[in-house]
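Student: Letter by letter, the chains look like this.
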Amino acid sequence: MAYIGDSCVMTGLGLGTGVNYASMKAYKTGLKVTELPGLSEKPLPVQTIERKPRSRKLSRLEWMMKTCAADVISKSGTEASSERTGIIISTTKGNIGELGTGEPEDGSRVYLWNMAKNVAKALRVNTEPIVVSNACVSGVAALIVAQRLIRAGRYDDIIVIGGDEVTTFTTSGFLAFKSVSEKPCRPYDKERDGLSLGEAVAAVVVSNDKKKSRGTIIEGGGMSNDANHISGPSRTGEPLAEAIKQAMEEAQVGVDDIAFVNAHGTATVYNDEMESKAIALAGLGVKPVNSLKPYYGHTLGASGLLEAMIGVEELKEGKLLGTMGYETPGTPVEVNVSGKHREVSGSRFIKTASGFGGCNAAVVIAKESEAHRSSSIVPVVKPKRIARCRIEGGIVELNGKIEYDGRKDGEEPDFGTFVREIYHSQGDNNLKFFKMNDMCKLGYVAANYMMKGVEHGEYDMAIVMSNRSSSMDADLQHWRIVEKGEPASPAVFVYTLPNIVMGEMAIKHGIKGETIFIVDRKSGEQGREYAKVLLGSGKYGKVMNGWCDVVEGKYRFEAEIWSR
Amino acid sequence: MEQLKEQLKQHIIEALSLEDITPADIDNEAPLFGDGLGLDSIDALEIILILEKHYGIHIANAADARPIFKSINTLAEFVSANKK
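Protein sequence lines correspond, in order, to chains S and B.
So for the first sequence, my numbering puts the first residue at 1; every next one is plus one.
So for the second sequence, my numbering puts the first residue at 1001; every next one is plus one.
Treat the hints loosely; a few may be bogus.
Straight line, CA to CA, 30 angstroms or less: simulated DSS-like cross-link-like pairs of lysine-lysine [claimed, not checked]: (1) B:Lys1053 / S:Lys522; (2) S:Lys382 / S:Lys408; (3) B:Lys1083 / S:Lys183; (4) S:Lys190 / B:Lys1070; (5) S:Lys183 / S:Lys408; (6) B:Lys1084 / S:Lys52; (7) S:Lys183 / B:Lys1084; (8) B:Lys1005 / S:Lys183.
Label-pair restraints from in silico Cβ distances [to be verified]: (9) B:Pro1031 / S:Glu368: 54 to 64 angstroms; (10) B:Glu1006 / S:Gly283: 49 to 59 angstroms; (11) S:Lys183 / B:Thr1074: 29 to 39 angstroms; (12) B:Ala1060 / S:Lys384: 32 to 42 angstroms; (13) B:Ala1030 / S:Asn430: 12 to 22 angstroms; (14) B:Arg1066 / S:Ser338: 30 to 40 angstroms; (15) B:Ala1030 / S:Gly38: 30 to 40 angstroms; (16) B:Ala1030 / S:Phe434: 18 to 28 angstroms.
Please keep in mind that the hints were generated in silico from the structure rather than gathered at the bench.
From the three backbone atoms N, C-alpha and C, an ideal C-beta is built for every residue, glycine too.
Work the whole structure out from these sequences, hints included.
Tutor: Given below as structure tokens:
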């Protein structure tokens, strides 16, 4: 059983889950109209944290993460340094504010694994941090990963931390996407015209020890991919509905057992439209729904975790916070939303999230007193390997044989030439290929090789990928434009998330199962272990797992497809 | 006007990395999105950026741009009427 223990959040509304929840009950929002010089002509509503870091060693974000997590560790009495204590960090961009225009040195905390290491060290956690960087579903995904690792017996306690900051890097990109509203965001409302941005940190301990429980458990989780578009959400809502259904199935609950849904509700036209369809498809159309974005804005890698922790407070009190700003229904399928707080009764709620790269995630959180027992997961130790591909040094190796040799007179071709030649040799005809950034091109051609002859059900295959540099290549490209004061390019910005490569693979091969990206400093070990747990969970018949990294023309791909 | 159309095609090919496509391959009347060139929502945002950068035209809402982005013809008409 994955019990939810003490939590702590830090936002513009204050420090502490209780402090935040009390402010929200008083209809206080953290969104404040803020001047964004050089970014936007008009001031925009943004939710920021005004605290200054009290550390010379840690970055601002690291310090905030440490502050929240240390509170959780001390309140719960968790033995941080135990080898049975894990740490999962959920973030999209980490310390991206410190990125320069050149490739950072190895010790730089711009690398997510370095940031995670700094936080773990400050907390005296000894186990290797697991960095989940999966766009806007990161926070919910981190809870699901924690629940599964606990059920698989890998750890006794896991400190889950989510955090992202408001930076010029991300704000410029969202502005280029024309997805930021000039007014505080209004999820599901007819007048909604975009999201508001915010920053936050949230931490919680997930434990197999009933004594650490603060009354709720993670009863079930599900993830899916739209396999439709890398930035636009699904037009049908079916993949998110599937993630919700899987979470409910794992929790062994039906629609009647659900008290409310805390949805993603970013207030962009298409996201809310998609969610309205998904909620109805999952049979939850009558259930009260809310979005907490009017209080916090979109806090990216923190949002899923932050909102789930507020959801826990709502469930315990039987009060559903109003979706401030909501007045007139504005989605194709009506959603049961209210601008005012409402009384709700029941013992479970669902938290959902959706993000770039086509990913969706949903968890069922239940009151401990009424929760079903979840079974333990036995990881598949020696999974059956059905495909293996390595692309490195101008050579493609497929299933142990050289499939393509791009070297001319022993000379290695440059990456651009090499990957283009591979693509042409595959006889693929997809204009979109040339628009992809280098990391996606590499993953794309590799998946073409590996998926040849591999049959899979739509939702029966998952992808778990890792690398060292996250989306550093695209990050540098984006930052070199923005740093000069030029407007950001949407076609560059969209690739500043590592999980997009799996989105491209998913679109091409119709893979609608879970796609999750774990940043790892060296070997992809964390992702590999998780892939084994995933196979053991029985959710998927096949899992692709491996490594895909390209930075400034230096590249390496190595992955396998495993079958149960 | 013909020169402007040619120029727009060049900008589009460059900004959207349309490999193996020359301005001559783009029909002035053919739809840019969907079946024609197969452009999508991210490409639409890139075209908005082209209009800002090269012609000083600001489009705040991507949805407003839909009729303008129908074809090279409609795009060229809009640019010549609005450029600064």
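Student: Using the C-beta atoms of Ala1060 (chain B) and Lys384 (chain S), is the stated range 32 to 42 angstroms upheld?
Tutor: violated (54 angstroms)
Student: Given the hint of 12 to 22 angstroms, is the C-beta distance from Ala1030 (chain B) to Asn430 (chain S) inside that range or not?
Tutor: The hinted range 12 to 22 angstroms holds for Ala1030 (chain B) and Asn430 (chain S), with Cβ atoms some 19 angstroms apart.
Student: Could you grab the alpha-carbon distance between Lys1084 (chain B) and Lys52 (chain S) and see if it respects the 30 angstroms cut-off?
Tutor: violated (44 angstroms)
Student: Honestly, do Glu1006 (chain B) and Gly283 (chain S) meet the 49 to 59 angstroms range at C-beta?
Tutor: For Glu1006 (chain B) and Gly283 (chain S) the Cβ distance comes to about 55 angstroms; the hint holds.
Student: That 18 to 28 angstroms hint for Ala1030 (chain B) and Phe434 (chain S) (C-beta), does it hold up?
Tutor: At roughly 19 angstroms between Cβ atoms, Phe434 (chain S) and Ala1030 (chain B) fall inside 18 to 28 angstroms, so the hint holds.
Student: Taking 30 angstroms as the top limit, are the C-alpha atoms of Lys190 (chain S) and Lys1070 (chain B) close enough?
Tutor: Holds, at roughly 26 angstroms.
Student: Hint check: Lys1053 (chain B) vs Lys522 (chain S), CA-CA at most 30 angstroms. Holds or violated?
Tutor: violated (41 angstroms)
Student: Within 54 to 64 angstroms or not, the Cβ separation of Pro1031 (chain B) and Glu368 (chain S)?
Tutor: holds (56 angstroms)
Student: Does the structure keep Lys382 (chain S) and Lys408 (chain S) at a Cα separation of 30 angstroms or less?
Tutor: violated (38 angstroms)
Student: Does 30 to 40 angstroms hold as the CB distance between Ala1030 (chain B) and Gly38 (chain S), or does it fail?
Tutor: Once the Cβ atoms are compared, 38 angstroms apart, the range 30 to 40 angstroms for Gly38 (chain S) and Ala1030 (chain B) holds.
Student: Is Lys1005 (chain B) within 30 angstroms of Lys183 (chain S), Cα to Cα?
Tutor: violated (37 angstroms)
Student: For the pair supplied as a hint, Lys1083 (chain B) and Lys183 (chain S), confirm whether the alpha-carbon distance does not exceed 30 angstroms.
Tutor: The given pair, whose Cα atoms are some 29 angstroms apart, holds under the 30 angstroms limit.
In this structure, the earlier hints numbered 1, 2, 5, 6, 8, 12 are contradicted, and the remaining ones agree with it.
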